[in-house]
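Asker: Each protein sequence line maps, in turn, to chains A and B.
The first sequence begins at 37 in the working numbering and counts up one residue at a time.
The second sequence begins at 37 in the working numbering and counts up one residue at a time.
Worth double-checking, as some hints may not be accurate.
Chain copies aren't distinguished; within one or between two, either way the pair holds.
[What the hints assert, rightly or not] Using 20 Å as the maximum straight-line C-alpha spacing, the simulated EDC-like pairs for lysine to aspartate or glutamate come out as follows:
hint : residue 1 : residue 2
1    : 313       : 91
2    : 313       : 376
3    : 313       : 333
4    : 133       : 74
5    : 102       : 331
6    : 259       : 68
7    : 233       : 301
8    : 259       : 301
9    : 98        : 114
10   : 259       : 286
11   : 98        : 50
12   : 98        : 414
13   : 102       : 68
No lab work stands behind these hints: they were computed from the structure.
2 protein chains.
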Amino acid sequence: MVMKRELIADWMGELDAFLDREVTSLYDFRRDIHMNPELGFQEFRTTRQITKRLEDAGLVPKVLPKGTGAICDVGTGEGPIVALRADIDALPLTDEKPVSYRSTAPDACHACGHDVHTTVVLGAGMFLADLAARNRIAGTIRLLFQPAEESLLGALEVVAAGGLADVRRIFTIHCDPSYEVGQLGLRTGAIIAACDKVRVHITTPVAARNGGESPELVHALAKIITELPEALYRRGGPMSSLSLVWGMMDAGPVAHPGRPVGIVEGTVRCLDTEVRKQAPELIASVLLPLARTYEVEANLEYVYGVPPTLNESSCVNIFREVGSAILGRDRVLTAPQSLEGDDFGIYLQSVPGAYARLGVRSPGQSAYGLHQGTFDVDEACISVGIRLLALTALSALARESS
Amino acid sequence: MVMKRELIADWMGELDAFLDREVTSLYDFRRDIHMNPELGFQEFRTTRQITKRLEDAGLVPKVLPKGTGAICDVGTGEGPIVALRADIDALPLTDEKPVSYRSTAPDACHACGHDVHTTVVLGAGMFLADLAARNRIAGTIRLLFQPAEESLLGALEVVAAGGLADVRRIFTIHCDPSYEVGQLGLRTGAIIAACDKVRVHITTPVAARNGGESPELVHALAKIITELPEALYRRGGPMSSLSLVWGMMDAGPVAHPGRPVGIVEGTVRCLDTEVRKQAPELIASVLLPLARTYEVEANLEYVYGVPPTLNESSCVNIFREVGSAILGRDRVLTAPQSLEGDDFGIYLQSVPGAYARLGVRSPGQSAYGLHQGTFDVDEACISVGIRLLALTALSALARESS
Chain A
37 MVMKRELIAD
47 WMGELDAFLD
57 REVTSLYDFR
67 RDIHMNPELG
77 FQEFRTTRQI
87 TKRLEDAGLV
97 PKVLPKGTGA
107 ICDVGTGEGP
117 IVALRADIDA
127 LPLTDEKPVS
137 YRSTAPDACH
147 ACGHDVHTTV
157 VLGAGMFLAD
167 LAARNRIAGT
177 IRLLFQPAEE
187 SLLGALEVVA
197 AGGLADVRRI
207 FTIHCDPSYE
217 VGQLGLRTGA
227 IIAACDKVRV
237 HITTPVAARN
247 GGESPELVHA
257 LAKIITELPE
267 ALYRRGGPMS
277 SLSLVWGMMD
287 AGPVAHPGRP
297 VGIVEGTVRC
307 LDTEVRKQAP
317 ELIASVLLPL
327 ARTYEVEANL
337 EYVYGVPPTL
347 NESSCVNIFR
357 EVGSAILGRD
367 RVLTAPQSLE
377 GDDFGIYLQS
387 VPGAYARLGV
397 RSPGQSAYGL
407 HQGTFDVDEA
417 CISVGIRLLA
427 LTALSALARE
437 SS
Chain B
37 MVMKRELIAD
47 WMGELDAFLD
57 REVTSLYDFR
67 RDIHMNPELG
77 FQEFRTTRQI
87 TKRLEDAGLV
97 PKVLPKGTGA
107 ICDVGTGEGP
117 IVALRADIDA
127 LPLTDEKPVS
137 YRSTAPDACH
147 ACGHDVHTTV
157 VLGAGMFLAD
167 LAARNRIAGT
177 IRLLFQPAEE
187 SLLGALEVVA
197 AGGLADVRRI
207 FTIHCDPSYE
217 VGQLGLRTGA
227 IIAACDKVRV
237 HITTPVAARN
247 GGESPELVHA
257 LAKIITELPE
267 ALYRRGGPMS
277 SLSLVWGMMD
287 AGPVAHPGRP
297 VGIVEGTVRC
307 LDTEVRKQAP
317 ELIASVLLPL
327 ARTYEVEANL
337 EYVYGVPPTL
347 NESSCVNIFR
357 EVGSAILGRD
367 RVLTAPQSLE
377 GDDFGIYLQS
387 VPGAYARLGV
397 RSPGQSAYGL
407 HQGTFDVDEA
417 CISVGIRLLA
427 LTALSALARE
437 SS
């Protein structure tokens with residue numbers, strides 16, 4: 037049962053009043069975080085700024101063991117529990133924007149919108165704290181301020197700290213400059229790919245050929261780099277949703293007859309859980325004969341990383357219902373699948389939930405990408421995000437309580 | 037006019053007597069050098085051993101300015117002058133032979149036979165010194181003990197020190213385990229390829245694509261590595277004798293959106309002087325559109341190294357005449373072309389000469405390659421080499437004087 041439209045309309049009035057009061061201060065909060073970005077597991081100041089605001093709202097945040105990130109329950113403190121996740125870390129980039137809130141750190145920048153995510157979950161929490169103070173929340177809404185999303189390791193810290201204990205549903209949003217402010221992108225099933233690491237190490241056997249000449253190591257490694265992704269595509273088929281992209285390679289100077297070594301490392305992205313399970317075997321079945329073709333010995337390491345982000349359908353429906361109510365049905369769009377990787381998938385392995393794409397581009401502005409030093413948002417997205425997450429949490433709680 | 041067979045037969049008697057006296061001591065000399073190998077421009081001890089023996093033979097060697105390598109004139113001290121070249125440096129390898137004269141240096145080994153070349157030119161010089169003492173040399177035979185052949189830089193030192201001044205012809209031999217002792221390999225024209233360096237540096241333009249995603253640098257570099265040599269082969273044709281072999285590559289981790297860089301370095305070998313002249317332009321004409329295909333920017337550096345070793349026909353004929361006389365006509369073979377590179381080609385740019393391949397494999401033994409820690413020779417090759425070079429020098433002098 038999805039929360040009635042009338043109920044959503046009722047909360048919306050309260051949200052409007054809250055935002056009238058707080059939105060300027062929340063913009064300031066976002067700009068302060070933007071000016072002071074911190075990389076993964078270094079978010080000490082960011083965490084202090086968050087917990088101070090939460091405490092000002094009468095809440096009792098718990099900082100995670102490493103001192104970065106926090107968990108904060110809002111409501112009765114009892115079940116049902118619904119979680120909202122924000123990621124709080126910045127990227128190792130130089131901020132290139134000529135704005136007053138430009139990053140003051142030379143090599144850190146909120147170029148992925150985590151400052152917005154943090155502000156949105158904080159704002160939703162402040163609003164919900166208001167409601168909770170008036171005993172109008174039937175259950176608990178857990179705010180997860182997660183460190184180190186960019187390294188895809190922070191979610192594990194939150195889980196280890198008990199962040200998912202008794203959580204029935206979990207939601208998050210991510211800034212998306214391919215959407216205008218006021219648009220929302222949703223998708224049931226795989227919305228973001230799994231992200232695994234692959235490492236190929238090759239050596240040339242000594243005296244491989246008659247006369248002792250070594251095979252051409254650099255050429256062999258380059259053949260593996262170019263042929264392996266293509267063979268995976270041919271073997272798995274164009275719909276296998278298996279992508280191998282190389283990130284670095286190294287094959288040092290080949291001494292006269294030593295035993296030269298070449299290394300290439302890449303990322304395997306996959307939207308399909310079954311295909312992903314078979315990926316190491318599939319890659320090895322291409323790599324090993326390919327290596328034999330070029331007379332080198334190949335060794336494969338495959339390290340599973342974050343799983344795909346698999347949105348659960350009833351959670352996507354809650355997002356859709358709320359989004360339609362606050363934005364209009366025609367502004368809730370079907371999000372495309374992405375290969376970018378997000379450790380939100382780790383939460384979804386044990387708790388049903390959904391990841392939504394929040395429009396952040398000013399209307400009329402042309403589309404641009406995340407992860408650039410010029411990345412910025414139309415701050416109107418902050419109110420949209422707060423409305424969306426606060427109402428989604430309340431709606432999900434109502435569904436759990438019914 | 038080639039020296040008469042009768043004259044050669046006459047010298048051969050003297051050579052037999054010389055070798056009966058000296059060959060054991062020359063084997064000892066070779067083994068001492070083999071036990072104490074020195075890398076390019078570090079051949080201080082080797083140079084001292086050489087000059088000591090030359091002085092003992094009544095000669096006056098001049099050490100090169102860097103203290104390694106020597107030049108020593110034998111004969112009247114006047115023209116005509118004919119030069120014999122030995123290369124004296126070792127390879128950075130571990131000697132793997134279980135022999136009494138195994139290298140005592142952990143990372144140096146005479147695995148290319150330069151100890152034999154040195155001994156052969158020394159032996160020829162000692163024999164010629166005997167003749168000179170009896171005023172039986174009409175002109176001068178210049179012994180060039182050249183350092184640092186493996187780095188292809190030593191010949192320049194010899195030239196800079198005046199080693200080629202007034203030289204009319206120049207000859208050298210190189211150990212070749214594909215031939216048995218008593219066989220000789222000769223070829224007119226290009227016998228060894230030019231050896232140049234090529235370096236490709238690629239960068240990805242920032243925000244190359246809509247959305248700011250960088251092109252795949254590693255893939256682009258691997259495509260250049262695999263496609264460039266093939267395209268050269270297709271463009272130049274299979275007979276263009278242009279070979280590009282990569283030696284190292286590096287494309288470090290690709291940071292989120294920086295400006296990643298990839299490098300690959302290789303060696304261009306070419307037997308044809310005209311094709312070699314066009315090589316940089318030909319490579320660029322393949323590289324630049326290939327780079328555009330993969331959305332990277334490519335920069336090409338082409339550094340000309342040693343030229344091809346181009347044997348002059350009348351010098352080859354002298355070698356052939358002498359070789360036929362001392363070994364039998366059926367043991368003088370046509371040597372195949374090699375891509376390995378030798379800085380003897382530098383001398384041949386200003387002086388006509390010839391480079392011959394000296395059989396060093398024991399009869400019945402199977403063929404093997406140079407540049408391995410197990411490389412060794414049948415020491416009987418030393419006598420053959422001395423006979424060959426001494427008679428070739430005398431024959432060449434006779435031709436110049438006639």
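Asker: Are the hints correct? Go through all of them and say.
Answerer: Taking the hints in turn, this is what the structure says about them:
In the homo-oligomer, the alpha carbons of residue 313 and residue 91 never lie at most 20 Å apart, since the shortest distance is 44 Å inside one protomer and 76 Å across protomers. When the C-alpha separation of residue 313 and residue 376 is checked against a cutoff of 20 Å, the pair qualifies only within one copy, where the shortest distance is 19 Å, while the shortest distance between copies is 48 Å. Proximity of residue 313 to residue 333 under the C-alpha cut-off of 20 Å is found in neither arrangement, the shortest distances being 25 Å within a copy and 37 Å between copies. Taking the shortest alpha-carbon separations for residue 133 and residue 74, only the intra-copy value of 17 Å comes in at or below 20 Å, while the best inter-copy value is 59 Å.
In this assembly of identical chains, the alpha carbons of residue 102 and residue 331 never lie at most 20 Å apart, being 48 Å within a copy and 42 Å across copies at closest. In this homomeric assembly, residue 259 and residue 68 never come within 20 Å of each other (Cα to Cα): the closest approach is 49 Å inside a single copy and 45 Å across copies. For the identical chains of this complex, residue 233 and residue 301 are intra-copy neighbours only, at 7 Å inside a copy versus 27 Å across copies, given an alpha-carbon limit of 20 Å. In this assembly of identical chains, the alpha carbons of residue 259 and residue 301 lie at most 20 Å apart whether taken from the same copy (14 Å) or from different copies (16 Å).
For the identical chains of this complex, residue 98 and residue 114 are intra-copy neighbours only, at 16 Å inside a copy versus 96 Å across copies, given an alpha-carbon limit of 20 Å. For a Cα distance limit of 20 Å, the shortest separation of residue 259 from residue 286 qualifies both inside one copy, at 14 Å, and across copies, at 15 Å. Neither within a single protomer nor between protomers do residue 98 and residue 50 lie at most 20 Å apart by alpha-carbon distance, with minima of 27 Å and 100 Å respectively. Taking identical chains as interchangeable, the C-alpha atoms of residue 98 and residue 414 are never at most 20 Å apart, the minima being 31 Å within one chain and 81 Å between chains.
Within a single copy, residue 102 and residue 68 get their C-alpha atoms no closer than 23 Å, and across copies no closer than 65 Å, so neither meets the 20 Å cut-off.
The structure fails hints 1, 3, 5, 6, 11, 12, 13 (numbered hints given earlier, in ascending order).
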